[in-house]
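Chemist: Keeping the supplied structure of chain Z fixed, place chain G with the ligands upon it in accordance with the hints.
The listed protein sequences correspond, in order, to chains Z and G. Mapping of the first sequence onto the working numbering: residues 2 to 396, in sequence order. Mapping of the second sequence onto the working numbering: residues 151 to 462, in sequence order.
Warning: the hint list may mix true and false statements.
So the derived label-pair ranges between C-beta atoms look like this [stated by the list, open to error]:
#	chain 1	residue 1	chain 2	residue 2	range
1	G	F167	Z	Y238	24 to 30 Å
2	G	V314	Z	Y238	25 to 31 Å
3	Z	N312	G	E235	44 to 50 Å
4	Z	N312	G	Y261	44 to 50 Å
Residues on chain Z that point at chain G, a partial pick, calculated with CB under 7 Å [unchecked claim]:
#	residue
5	S9
6	I310
7	N312
Since the hints were made in silico from the structure, they are not lab data. Every residue gets a Cβ at the ideal spot worked out from N, C-alpha and C, and that includes glycine.
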Amino acid sequence: MTVFKTFSQVLNKYKATVLMYTVMLVLFGGLNFKTSDNNVNFTASKPDVLIINEDENIGITKDFIDYLSEYTNIKDIENNEDSINDALFYRDVNYIIYIKPNFRESILSNSPNKDEQFKQLISSSDRTIVEIKTTGDYQASIADMLVNKYLHLADIYSNTFEDENEIINHIQKTLSLEVETELTSKVDTNTLSQVTFYYNFLSYSVLAGCVYVICLILSSFKNKEINKRTIISSMNYKSFNLKLLLSNCLFAIVLWLIYIILGFLLVGSIPTNYLIIYIINSFIFTICSVTIAFFISNLINNKNAINGIVNVVALGSSFLCGAFVPMEWLPDFVLKIAHVLPSYWYIKTNELLKGVEVFNSITLKPIITNMLVLIVFIIAFVVLTNIVTKLKLKK
Amino acid sequence: MKTILSVENLIKKYKNFKAVDDLSFDVKKGEILGLLGPNGSGKSTTINCILSLLKFESGKITIFGCEMRPDAYDIKKDIGVVFQEVAVFEELNVIDNIDYFCGLYIKDKEYRKKCIDDAIKLVGLEDFKKFYPKQLSGGLLRRLNIACGIAHKPKLVFLDEPTVAVDPQSRNNILDGIKKLRDNGATIIYTTHYMEEVEILCDRVIIIDKGKIIASGTGDELKELSKIEEKVTVEIDSLDEKILEEIKQFKNVDEATYNNGILFITYKKGKNNLSSLIDYLKKVDVHYDKIYSERPTLNDVFLYLTGKELRD
Ligand SMILES: Nc1ncnc2c1ncn2[C@@H]1O[C@H](COP(=O)(O)OP(=O)(O)OP(=O)(O)O)[C@@H](O)[C@H]1O
Ligand SMILES: [Mg+2]
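If we strip away everything but chain Z, and leave its shape as in the complex, we get (with noise of 0.2 Å):
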């Protein structure tokens, strides 16, 4: 408790910079918001989606091909190379199914009792029941969505059941749940761009706020003096590293909460899905921040250098990232400079997340790559920070 008491103490008296640094996020992360008041209303739009039947239209064929005509706009073109490759270069269509003659068959002989061949047919990456063509845009990616989404359920239940309508019948019924509440959920583009200011505008707050307040205050209790009192005194110093450790994350996940809370106050309501991803994505930059402020101030001991310090680190990386100007107003260079930066890929997800309108493996894959990329940073300085420590220490 001493440790904690004091670390408040200390804090108590840099509160100010920590105000100043919440009320530039208000004002200016949140001053965007009232620029534009028309909310639309949004539903993920349907791909267009060219179906070439080789096979019968009966049975678990016709249930496929109904299916992807509910979720999807079906496409009339001329079953010929040239007006297909047209069709797919002016974007007439997203997406071009052929499915194979042996399409029906593969699957109803795929059930347990059946030879091991046939297994293949379905689960395995190069199908022979059904070939591809795509534009490989967003549209794209939800028909392809789709069309695995189905596959995968008749692979699974004709492995089960062996009656066709049986299959059929399974399959429709978990299609109608997931892929329901997968496409229709309603996003309001709107609020999403500025709540995606606001959170890239907040990494700019919490990277300053904890580089300033964690170094200065790491500084007093690491002062060369004050760190010899701690070290002869009757606690023990794993134990008081580790206190001083989780009392500056705990200050980092408060200061983290209140920004969060802010951003409901001001932005309003967006959908769960992306308020949590922008809530994770948010955390685990925060705590990548608390590792490099540990880290610098690990490099630097002299109070009167930090203020320069955090002005270089947040202020220049923030810019350089994209946090106060959108990222694609940044020159080339500059966003290749920057991905040696933690905001980098904080933000950048952050953008991905404005963009994206159905969540399924592919719009999911770059968001949780930027996050890893934040993981590997957060390794990295601490890391560095213990690498650093241990040279001092020899010194």
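Modeler: Coordinates of chain G with the ligands only, in the frame set by chain Z:
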């Protein structure tokens, strides 16, 4: 009497430079031991080694009968240290500073409050409880520094030059406080290069130079070491060269000099030195303004032992 601290054959090197050179000494319960030595003689280094703050080449440190190690928290809880440099939080006021450092030792809130009050009283900071370090004068800051080091009522206290650059008022206050600590049962190790302080305060003195003990004992014992026993100063307007020569031939006189109207004579052992000098001056009809006799100081001892002044 019980030995509280024992240092055996301590050697500490910085690269090839021996800062502490085979030092051995004991400290008994309830005594104030003075470590006296000029700047750079290795006093702080010795203390840092004793406290396991520095690794040392060889030697053995025993405190309260147990070997001292960096993780010997049982020993550490009864030790208080006041370092040479002031070590306080500039963001905290007097009370909160003492509370923090005391809190590293004492969990119990009530008892801690009492300890803090006692410490503030001991160093006389009652009127400055809510002051921040920046608002304190140099002397008051030193007193705060001491209060932070001893608030938890340690049994063994190290004070490393706590009176450097301190005004006389604060100095007296600090010295009184240290005596009170001893009276309350603490054992104290006090380093300084002010021999006056050592003479007032310490029961026993160890004189260190270049990391080695060159002498130890009580103040009087040490003075015995010096060949000088008395110093006489006479203020005379003018003095004949012949008379000076004659004084030099006096019984017991070690040395006599005359500079800028001051006749300075040092005596080896012997009695009635002053009265025979006065008689002589009367006889040769030399008029003097003032005449006074002093006992030698530890500085003279140091000068005698090393051939250099304790302070430059
Ligand atoms: N970290 C260090 N690296 C190298 N040499 C050092 C270091 N610390 C101290 N010394 C040297 O060791 C010697 C003893 O230093 P120490 O600080 O113990 O002296 P001290 O008796 O406390 O002097 P002072 O009265 O000035 O405080 C000095 O010559 C000093 O230059
Ligand atoms: Mg010293």
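Chemist: For each hint, tell me whether it holds in the structure or not.
Modeler: Status of each hint after checking the structure:
1. About 28 Å separates the C-beta atoms of G:F167 and Z:Y238, a value consistent with the hinted range of 24 to 30 Å.
2. About 28 Å separates the C-beta atoms of G:V314 and Z:Y238, a value consistent with the hinted range of 25 to 31 Å.
3. For Z:N312 and G:E235, the hinted distance range of 44 to 50 Å is not satisfied, since their beta carbons lie about 30 Å from each other.
4. For Z:N312 paired with G:Y261, a C-beta distance near 46 Å keeps the hint of 44 to 50 Å intact.
5. For the restraint placing Z:S9 at the interface with chain G, the shortest Cβ-Cβ distance is roughly 11 Å, beyond the 7 Å limit, so the hint is violated.
6. Here the hint on Z:I310 is broken, as its CB sits about 19 Å from the closest CB of chain G, past 7 Å.
7. With 7 Å as the threshold, the beta carbon of Z:N312 stays out of range of chain G, its nearest partner Cβ sitting at about 22 Å, so the hint is violated.
Consistency with the previously given hints fails for numbers 3, 5, 6, 7, ordered from lowest to highest.
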